[in-house]
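J.: Sequence order for the protein chains is A, B and C. Numbered according to the working numbering, the first sequence spans residues 1 to 180. Numbered according to the working numbering, the second sequence spans residues 1 to 566. Numbered according to the working numbering, the third sequence spans residues 1 to 59.
FYI, nobody ran anything at the bench for these hints, they're computed from the structure. In this text the structure is predicted, and so the values were computed from the model without any measurement. Errors might be hidden in some of the hints.
Stated by the list, open to error - Reference listing, derived: stretches of chain B covered by chain C, where coverage requires no fewer than 3 residues with Cβ under 8 Å from a Cβ of chain C: (1) 184-196; (2) 227-236; (3) 274-285.
We put the beta carbon where it would ideally sit given N, CA and C, even for glycine.
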Amino acid sequence: MPIAPPSERNWWDLPLGIHEKIWLTLVVAVGLGLFIMMPLWHIFGRQNPSTNTYRISPDSYAAKVTEWSKGTRQVAQGLAPPGQDVYLLGARFTWFPNAIVLQTGVSYRIHLSTKDVNHGFSIHRDGEAAQKANFQVVPGYEYILTMQFADAGDYSIVCQEYCGIGHQFMVAKFVVTERG
Amino acid sequence: MAAAALTRARFWTCKVTGLKVHEAAVPPIMVNAVTAVVFLLVGGFLALLVGLTRWEAVHLLSPKLYYMVLTLHAWSMLIFWIIFMEVAILYFAGTAVLNARLVTPQAAWVAYVLMLGGALLAAFTVLLQGDAYDQPMLTSYVPLNIHPLFLVGAIVFAVGALLAVGVFFATVWRATRERTYRGSLPLVTFGAAIAAIIAVESILGGAIAYIWQFLYTVGLVASVDAEMYRVVWWLLGHGTQQINLVAMVTSWYLIAHLTTGATSVSEKVSRTAFVLYVLFINLGAAHHHLSDPGVTSAWRIWNAGYAVYGAAMGSMIHAFAIPAAVEVALRRQGHGGLFGWLHHAPWGNPAFAALGVSLPLFGILGGITGITFGTEQLNMMVHNTLAITGHFHGTVVAGTSIAFMGVAYAVIRLIGLRELLSHTLATVGTYIFGAGMAVFITTMMWLGYFFGIPRRHPDVTNLPLIRSPILEGIMGIAGVVAVVGGVIFLAISVGSLLIGRRLEKGPVVMPIAGGANGQTVQGSAAMHREAHDLRGTLVLCLIFLAVFAVIYATHWINLASLWRIS
Amino acid sequence: MSQQETPPGDAPSGDADQVPVMQEIYDNIWFLFLVSGVIILVSYIIWGLIDLVNRPTLP
């Protein structure tokens, strides 16, 4: 009984039944399989969370973003980056820049950090269910995600890490146009 | 000194289990359990307010009120209701189950005062702090502007909880020395000890994070690395949820035994699962950093993977072992066939209903998503969305809280010595709560996974996301149904304690000096040697595994359809 | 008055002191506490903090 010591002093050597053995074998196999999937996806999968990170002070990062934005081109729908680097600065309660124009098929390095508190980078392909990715944006760390968009369209970005009373207003977007 | 205390301690005998209950342990057990239920009441009322705000058609609270109410709801439920209840369970498992005395009641009262004082300080700071400060939520990440008194409250609560856990350990230590039991610890006390070990690790991690943050808040420390803070804080954040998991599983064994006479089919298998928990389960806190900067993939995979899923194996083992114990006990009563035993289980017993509802809901809603959402690459699809909220309501509410309600009903009868006002209503209330939560959780997951709706958000109507007002409505209504079930639990539990028919104690005895608790050995030993028919349990577990496989595969397929990310 | 208990030291079956080593480990919650604490400290905290400290710094 679970509310008394086991009646057999040596319970270790008691035999197991066939149903238990079947289940235990399955359990170990499942555990191993679950574990192996993760390194395997790093090798064969095209969606993996980045580990590309640098330490940088919030003020230095903010200055870096401002500097980068001077090299961008203003087009109708937002700022177009000069090369493959895209910088986003989270600050209470906006994203800067809040509209960036990109192209399909280009591998972009998206740099994320914040001037103040934790924010969240949550990007959604507009109009499509389950087409989204979510990352943490942490002050003192420059987090670089590499993304390559296959489909043109609007990709909305919302902040999904509580950052204070104006959290709900932090919205931005990528406008992805067809390359060529 | 110890001998004098031993002879002064008075025990009465439980008429149901034959266990010896230390008289002075009863008030601490009952006061902690009652305090837990009071926080459940407060948290449940706040749950209603939050749910009616996330249901945008109702949109009850303003952003300012929403963040405050959400903070209080989270702390009332995830921390106060659950930890006060766990302290009651620990005291019960260390005393009555071991026929031992509490070491010491005075320390237990000090712990209680610290826990309650800390809780009230934190809660009132949240209520009164004013607009200059950010609401702490559950996760008061540096460098949010957190009121220092809130941190003091949290630290004081943590110290009190550590002391309460220390009382449990001292009780077990002394019971072992005084030989109030012979051989291994009973399974329930072993499980409680595992929960207590995890509790110490988790609460220490939290205390370190909060003290560090407090020093920063009052200017004694210039800065705090925000990601290091997150990593340390989540040892508390997820660690406390692992205490809940282990305490829940321990509760399941207890309830299964009290309602059907079930006993573990294999002590080795059940205890191995608990050992897997104690070694690996707190590593899983890393699943909060799968989409974070700074940590490496190797660290994420090893830790969020519970070291080759050791702790997940533990859960899957218990998922088999507990139904197996029930199956054997019910087959002994003459119910045959593949599922005849299940059909004839005491579904009309409120504690069994709690077991029968919480085990599958935990496994399917909470457990599966815990693994999928905690997989390194799958996490990015759900991090900080409402799907996460769905996951932890599946584990902590549909799982742990329902199990604790079952334990509460048992404790009210066995320790509080009050008959329940209505067994039927208690049982029906449990089913209503389970059904409401199941739908509530599923809709939150759907909204978070397919629509990307963020968690902790006061107003999604202005976001450029597709929404589903119908799903939000179902979520809101299901939440209200769950609250109704919760109200029934509160009414029956509190009402029974106040006006329930008093039950009789068994004879008051002097403490057992060095003997075993007199259980007969032969009957149970014979049971261990016969082969058990566990077909029914195996089939149920295989069905669960099939559901898991389908959901797991679907997640990877969806991930593969995303654009390239690395 | 208390029931007549089995006097201490009398084992009901002959196995009393022949417990396998693995069971002794399982039965020792203090040892489990120690091992568990070391694993969490090293694998989650120390390794994690080392990862973070090792991030290269930008000006």
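J.: Now tell me, hint by hint, if it's right for this structure.
T.: Hint check:
1. 184-196: Since three or more residues must qualify, the claim that chain C covers the segment 184-196 of chain B holds, with 5 doing so at under 8 Å.
2. 227-236: holds (count 5)
3. 274-285: holds (count 7)
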